[in-house]
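**Q** Sequence:
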Amino acid sequence: MLFSGEHTLSGQLLLVAEIGNTNTSFAIFKGEECIDLRKVPSIILSTSERITTELAPILMKYPALLDAALCSVVPSAGSLLNTCLRQELNGKVLEVTSSLQLPFTLNYEYPDTF
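Just so you know, we're using our numbering here: the sequence shown kicks off at 1 and counts up by one.
These are calculated hints, taken from the structure and not from any lab test.
Beta carbons are placed, not taken as given, at the ideal position from N, Cα and C, and that holds for glycine.
Treat the hints with care, as some may be off.
[Stated by the list, open to error] Here are the simulated DSS-like cross-link-like pairs (lysine-lysine), alpha carbons at most 25 Å apart as the crow flies: (1) 39 <-> 92; (2) 92 <-> 61; (3) 30 <-> 61; (4) 92 <-> 30.
[Stated by the list, open to error] Pairwise CB distance ranges, derived in the manner of DEER restraints: (5) 23 <-> 97: 16 to 24 Å; (6) 76 <-> 99: 15 to 23 Å; (7) 20 <-> 47: 29 to 37 Å.
Working from the sequences, and respecting the hints, build out all of it.
**A** The structure is reproduced here in structure tokens:
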């Protein structure tokens, strides 16, 4: 997974999950290119079992996938997905929140909803 100062590897895969109130997007990046995108209703992320069911086809299609980043405006779904990703992946899971220290200032009116 890329952190401050690290450079992308062209073959490195990254799962990016964005949980919104209505829909959740699962995007697979290879380097800086989005190579796959799947959207599902966020309501299905209500249990670990349902999350695992949604992740299974992604993990089967991309067995080299190790790392993930996620952000969520639905705390319960974000917490469950974070736990499932840590169980399913062998790499790092980064949760993007308003308290994440970034190398730039993010001026957002309501940072807790970011």
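**Q** Evaluate each hint against the coordinates.
**A** How the hints compare with the structure:
1. Only pairs whose Cα atoms come within 25 Å are accepted, and residue 39 paired with residue 92 is accepted, the gap being roughly 22 Å.
2. Annotation: proposed proximity of residue 92 to residue 61 holds, straight-line Cα distance about 19 Å (limit 25 Å).
3. For the hint linking residue 30 to residue 61, the alpha-carbon distance of about 13 Å falls within 25 Å, and the restraint holds.
4. Under the criterion of a C-alpha separation no larger than 25 Å, the hint pairing residue 92 with residue 30 is consistent with the structure, at around 16 Å.
5. Judged by the Cβ atoms, the range 16 to 24 Å given for residue 23 and residue 97 holds: they are separated by roughly 20 Å.
6. Hint check: residue 76 to residue 99, Cβ distance near 18 Å, so the stated range 15 to 23 Å holds.
7. In this structure the supplied range 29 to 37 Å is violated for residue 20 paired with residue 47, their Cβ-Cβ distance being about 19 Å.
Checked against the numbered hints given earlier, the structure breaks only hint 7 and satisfies all the rest.
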